[in-house]
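Chemist: Could you build the full structure based on these sequences and the hints that come with them?
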Amino acid sequence: MKDIDVAEDSVNVRVTYDFEKHRHRNRVDIDIYFNTPGGGVIHAWEESNDLYTAIDFVVDEVERQLVRLKARRVEERRRLAKLKEKEKREGIVEESIERPLIVQEPLPIEKPMDVEDARLLLEEMGAFFLPFRNAETGEINVIYRKKAGNYGLIAPGV
Numbered sequence: 005m006k007d008i009d010v011a012e013d014s015v016n017v018r019v020t021y022d023f024e025k026h027r028h029r030n031r032v033d034i035d036i037y038f039n040t041p042g043g044g045v046i047h048a049w050e051e052s053n054d055l056y057t058a059i060d061f062v063v064d065e066v067e068r069q070l071v072r073l074k075a076r077r078v079e080e081r082r083r084l085a086k087l088k089e090k091e092k093r094e095g096i097v098e099e100s101i102e103r104p105l106i107v108q109e110p111l112p113i114e115k116p117m118d119v120e121d122a123r124l125l126l127e128e129m130g131a132f133f134l135p136f137r138n139a140e141t142g143e144i145n146v147i148y149r150k151k152a153g154n155y156g157l158i159a160p161g162v
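The sequence shown begins at 5 in this note's numbering and counts up by one.
The list that follows gives simulated cross-link-like pairs (lysine to aspartate or glutamate, EDC-like), each with its CA atoms no further than 16 angstroms apart:
1. 115 x 143
2. 151 x 127
3. 115 x 140
Listed next, with one range per pair, are the computed distances between beta-carbon atoms:
4. 39 x 159: 51 to 61 angstroms
5. 39 x 105: 46 to 56 angstroms
6. 41 x 86: 16 to 26 angstroms
7. 27 x 67: 23 to 33 angstroms
8. 49 x 74: 17 to 27 angstroms
9. 43 x 124: 48 to 58 angstroms
10. 28 x 82: 47 to 57 angstroms
11. 14 x 75: 18 to 28 angstroms
Rather than coming from a laboratory, the hints here were simulated on the basis of the structure. Quick reminder that beta carbons are idealized off the backbone N, C-alpha and C, glycines included.
Modeler: Right under this line is the structure:
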């Protein structure tokens, strides 16, 4: 098996050996746990009359599983890259075709009111902002709720 360059704590390996006297069988179990973002577990075991044969067979099985795991991960990365590229191409095409539509809306409250009445109405409605006609100036103002719990007022010329 080729050397693999991994961090110390990214892989845990547990090797278990068991010998059954009455059957004269050697059993070798290998569990490999990957502590990486992709994760994964590899488990292989082999029984044989000869300990070294069991070890050889179980190591061969681990190698086969590692090759399959690597192939699956490479294929998944390729698939995700193709999907990302496709989304990027479609996104560019859609952005160039679709433009946001501006729809003119009437003021929700037509009657003029002072700032305090607008604040009370904003609280009643539970909205984040309220455009209204200021009774003092006759201009359109917007009162809005701030994150800190206070209120802000947007007025022309202020």
